[in-house]
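Asks: Generate the whole structure from the sequences, applying the supplied hints.
If you read the sequences in order, they're chains A and Y. If you read the first sequence in this note's numbering, its first letter stands for residue 1, the second for the next number, and so on. If you read the second sequence in this note's numbering, its first letter stands for residue 134, the second for the next number, and so on.
It is worth saying that the hints were derived from the structure and are not from the lab. Every residue gets a Cβ at the ideal spot worked out from N, C-alpha and C, and that includes glycine. Please note: incorrect hints may appear among the correct ones.
[Stated by the list, open to error] Here are some chain Y residues the structure puts well away from chain A; computed CB gaps all over 12 Å:
hint	residue
1	Asp143
2	Asp144
3	Leu146
4	Ala173
5	Arg179
[As the list claims (entries may be wrong)] Straight line, CA to CA, 30 Å or less: simulated DSSO-like cross-link-like pairs of lysine-lysine:
hint	chain 1	residue 1	chain 2	residue 2
6	Y	Lys171	A	Lys38
7	Y	Lys171	Y	Lys197
8	Y	Lys197	A	Lys107
9	A	Lys64	A	Lys38
10	A	Lys64	Y	Lys197
11	Y	Lys240	A	Lys107
[Unchecked claim] Here chain Y is said to cover these stretches of chain A; the calculated rule only asks that three of the stretch's residues, wherever they fall, bring their Cβ under 8 Å from a Cβ of chain Y:
hint	segment
12	52 to 58
13	78 to 91
14	116 to 127
There are 2 protein chains.
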Amino acid sequence: MARRKGRMEDDVLALLNQHDQPQSAYALLDQMRLNNPKLAPTSIYRALSALTERGAVRRLESMKAFVVCRHGDEVDNCVMAICDECGTVEEHVAPSLIDDVSAEAAKSGFAPTRHVIEVHGRCSDCRFEGEVE
Amino acid sequence: MARRKGRMEDDVLALLNQHDQPQSAYALLDQMRLNNPKLAPTSIYRALSALTERGAVRRLESMKAFVVCRHGDEVDNCVMAICDECGTVEEHVAPSLIDDVSAEAAKSGFAPTRHVIEVHGRCSDCRFEGEVE
DNA sequence: GCATTTTTGTTATGTTATAACATAACTATT
DNA sequence: AATAGTTATGTTATAACATAACAAAAATGC
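Replies: Right, dumping it as structure tokens:
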């Protein structure tokens, strides 16, 4: 009954790649169910978890949704800019900025292991859509 | 049946203030139910939402939990450092750092409105607990 | 008092995520 | 190609998080 190894991850990643906007786990599930109606949430979450661990996918904590990671090797050095109007996400690689954030936390002796840096706002396209503000 | 205005918010805030660690909405609900067994999730979420809006409380996006905001007037200028070992949270007010993050996002014309900056790791106490590493 | 607005209560449901266990597929050895 | 061990996936159920929609009570303004 089980399919070939790693296939689930590939399918989920391929599906995520078809979208410009972050997708919720259940949105992915619904889409996967078009081909595989009995698919369970667990399968999606397992795939997302594995993809996340290897830096292929990122969970946007502030929107409970997942995006493909364009810079997997820099996964902990990114500032994510999320447009609240169109939903698109920009991945800014900025190691020095992450260092600065770490340094701030380190002021109290804190030793960082993971950074969540998400900025909400309006992207360039949306700001200049229709008229300049 | 409804109680005096704002009372719910006060109760939730008071309860949150009794904790050093962030609390999930349902953890708060369980505690409130000791006095008020029929309390519904809605009531907690409404209070948390109002408290968040006025900067008294913050949701830690990366852990689905809420903490009292020690610097309500600087609510969007904070770096939150979360100890994964003991759960304590430090609120670092760092406006210039937030400016830097904004500037990074602005490189592509993005106009930030809200910043989520959460750092996970180990706090000073936990690092030096037992022995120096 | 009476109408209006706001807060809280109530009921129901929607959404996100994981636990626990079963089975199929892959791997390596013989 | 039998086997045993490991890993991936399937299956079932439920836990945890969050909101919608409507009702009732209190506060507010006239």
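Asks: Starting from the hint list further up, note which numbers the structure goes against and sort them upward.
Replies: Going through the list in order, the structure violates hints 6 and 12 and respects the others.
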